[in-house]
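*Asks:* If you want the building blocks of each chain, they are given just below.
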Amino acid sequence: MVVKRLFSLLVLILTLSVSAISVYAQHGPEGHETTTGHGHEATEEKKGFNASEVIFGHIRDSHYWHLFDINGHPVSLSLPVIIYHPEKGLEMFSASKFHHGHESYNGYYIDHNVKMKEKIASEDGAAIKDFSITKNVVSMFLSVIILLVLMINVAKKYKKNGVMKAPSGFQNALEPVITFIRDEVAKPNLGSKYMAYMPLLLTVFFFIWVNNLLGLLPGGANFTGNIAVTACLAAISFIVMMAKSNKHYWSHLLNPPGVPLGIKFLLVPIEIMSMFIKPMALCIRLFANMLAGHIVILSVISMIFIFAALNQVAGIVFVPFSLAFSVFMFSLELLVAAIQAFIFANLTAVFIGQAIEEPHHGEHAH
Amino acid sequence: MDLLTPELGLFFWTTIAFLSVFFLLRKFAWGPILKALSERETGIADSIATAERLKKEMAQMQNENEQLMAKAREERTAMLREARIEQERIINKAKEDTKAITDKMLVDARQQIEQQKMAALTEVKNQIGNLAVEVAEKVLRKELAGAESQNAYAHTLVEDIKLN
Chain A
6 MVVKRLFSLL
16 VLILTLSVSA
26 ISVYAQHGPE
36 GHETTTGHGH
46 EATEEKKGFN
56 ASEVIFGHIR
66 DSHYWHLFDI
76 NGHPVSLSLP
86 VIIYHPEKGL
96 EMFSASKFHH
106 GHESYNGYYI
116 DHNVKMKEKI
126 ASEDGAAIKD
136 FSITKNVVSM
146 FLSVIILLVL
156 MINVAKKYKK
166 NGVMKAPSGF
176 QNALEPVITF
186 IRDEVAKPNL
196 GSKYMAYMPL
206 LLTVFFFIWV
216 NNLLGLLPGG
226 ANFTGNIAVT
236 ACLAAISFIV
246 MMAKSNKHYW
256 SHLLNPPGVP
266 LGIKFLLVPI
276 EIMSMFIKPM
286 ALCIRLFANM
296 LAGHIVILSV
306 ISMIFIFAAL
316 NQVAGIVFVP
326 FSLAFSVFMF
336 SLELLVAAIQ
346 AFIFANLTAV
356 FIGQAIEEPH
366 HGEHAH
Chain B
-14 MDLLTPELGL
-4 FFWTTIAFLS
6 VFFLLRKFAW
16 GPILKALSER
26 ETGIADSIAT
36 AERLKKEMAQ
46 MQNENEQLMA
56 KAREERTAML
66 REARIEQERI
76 INKAKEDTKA
86 ITDKMLVDAR
96 QQIEQQKMAA
106 LTEVKNQIGN
116 LAVEVAEKVL
126 RKELAGAESQ
136 NAYAHTLVED
146 IKLN
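Protein chains in written order, with the working numbering: chain A, 6 to 371; chain B, -14 to 149.
Think of the hints as simulated: they come from the structure by calculation, not from any bench.
Backbone N, C-alpha and C define an ideal beta-carbon position, used for all residues, glycine too.
Be careful, since some hints might not be right.
[Unchecked claim] No more than 30 Å apart at the CA atoms, straight line, and that leaves these computed lysine-lysine pairs for DSS-like:
#, chain 1, residue 1, chain 2, residue 2
1, A, LYS165, B, LYS78
2, B, LYS41, A, LYS170
3, A, LYS252, A, LYS269
4, A, LYS283, A, LYS252
5, A, LYS161, B, LYS12
6, B, LYS41, A, LYS164
7, A, LYS124, A, LYS170
8, B, LYS20, A, LYS249
9, A, LYS249, A, LYS198
10, B, LYS20, A, LYS198
[As the list claims (entries may be wrong)] Sample of chain B residues lacking proximity to chain A, with all beta carbon distances greater than 10 Å (derived):
#, residue
11, GLU37
12, ARG58
13, LYS78
14, GLN112
15, LEU125
16, ILE146
The task is simple: from the sequences and hints, build the whole structure.
*Replies:* Set out below in structure tokens:
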């Protein structure tokens, strides 16, 4: 586990530095265009392969589900755009109206100055809110449908076959995972009241896992590698933690027993900060891990084209290395998909466990 | 960093989707599944406990059986011993009885033999007596054929009577 974390940290640092360089590199030619806003930036991209463009095109959220290109024309599904304008109210239209970002519609356009996102801006400069059903949202709905269908079918099987019959089929695959979450995550961290938190932990685990796996499919959305998603999940576990926290937790937090008064002034702010840092760590851990995995796989594949742009022979020679490494990374990501889901569920259980812990004697301060 | 600022729209949809999937799964999936799992576990625990109890009962029954068997075996041995004693007693008694009867028979036989012997002896004595009388008669007839001898004899007889 430590090795893996170090590795993902390294990968994150590498990719962030790479992306910083690419942002810096793109800022130069793009800088003077800010006044014109949206429109034409493809002209100077033609000359070579732009890896950062490809990578961020894949990992960012989009109002299209891009499938593939034919002769430079993207083939994609246009997804519904829903915008709340403070004056005009709610508006809904298809993203195809933007013509892949080349045109504005109804006073809205895709802001190409924002590189890592596909941001819709209003021509009148109003602070609009974008509630569009983006690629990530569609992917998430897909995962919700998969989860509901699979889990409810399994639950039906339990009802149909009775309790004492041996599990079969997908039920058999699911059962060890559920008992694992119960015995390794819930019971050790939550004590006797673990059963009340099992639905939350199971939902968190399977929601993240299924979305991680969907994100690994070719053409899949980078849903769990999006900070809005992980922030939402972390916020939910934080709210549960706060809602279930007991008097013992707060008294320990605000008035640590057995600590001199002077230290208390130091310790209590740190404890309060740590209370907020915990969910933030949850949020960033999942986000960074999944984002880094996506970026690494895409970078490794992009290397083929980078080398090919330099020299065709170099590109062909690099293909086996790049493929081997991306297969390795893909396998690693399959593992990471499950591990990160487990870590998120486990840490949620740990944090809730700390908040609901009952007082008992001989306890050490933490 | 654009990458690190969460989009409101995605946050909003994720919240809605996560909460709805949470409540739906809690009601329709996790509830029944967890219930079934814990029911199965208690069922298995019960079955194991029942099996354990039955095993104990079986062991106890076997124990009892063995005790019964041992007791029966003991009884059989005792009965055999008694039977042997009885048998010996009967044999001994029979022997004693037989001996008494044979002894009595022997005694009777001996008595009879004695009697017969006595009878035979008496008869022999009688015969000898008769023979002696006959012989004496013949001798006397010859001796007393003359008158003198008859007087002499009468004399002797008279003398004998006198003496008495």
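*Asks:* All the hints need checking, so say for each whether the structure fits it.
*Replies:* Cross-check of the supplied hints:
no., hint, verdict
1, A:LYS165 x B:LYS78, "violated (85 Å)"
2, B:LYS41 x A:LYS170, "holds (27 Å)"
3, A:LYS252 x A:LYS269, "holds (18 Å)"
4, A:LYS283 x A:LYS252, "holds (19 Å)"
5, A:LYS161 x B:LYS12, "holds (12 Å)"
6, B:LYS41 x A:LYS164, "violated (34 Å)"
7, A:LYS124 x A:LYS170, "violated (53 Å)"
8, B:LYS20 x A:LYS249, "holds (23 Å)"
9, A:LYS249 x A:LYS198, "holds (11 Å)"
10, B:LYS20 x A:LYS198, "holds (15 Å)"
11, GLU37, "holds (18 Å)"
12, ARG58, "holds (45 Å)"
13, LYS78, "holds (74 Å)"
14, GLN112, "holds (122 Å)"
15, LEU125, "holds (141 Å)"
16, ILE146, "holds (144 Å)"
Hints 1, 6 and 7 from the list above are not met by this structure, while the remaining hints are.
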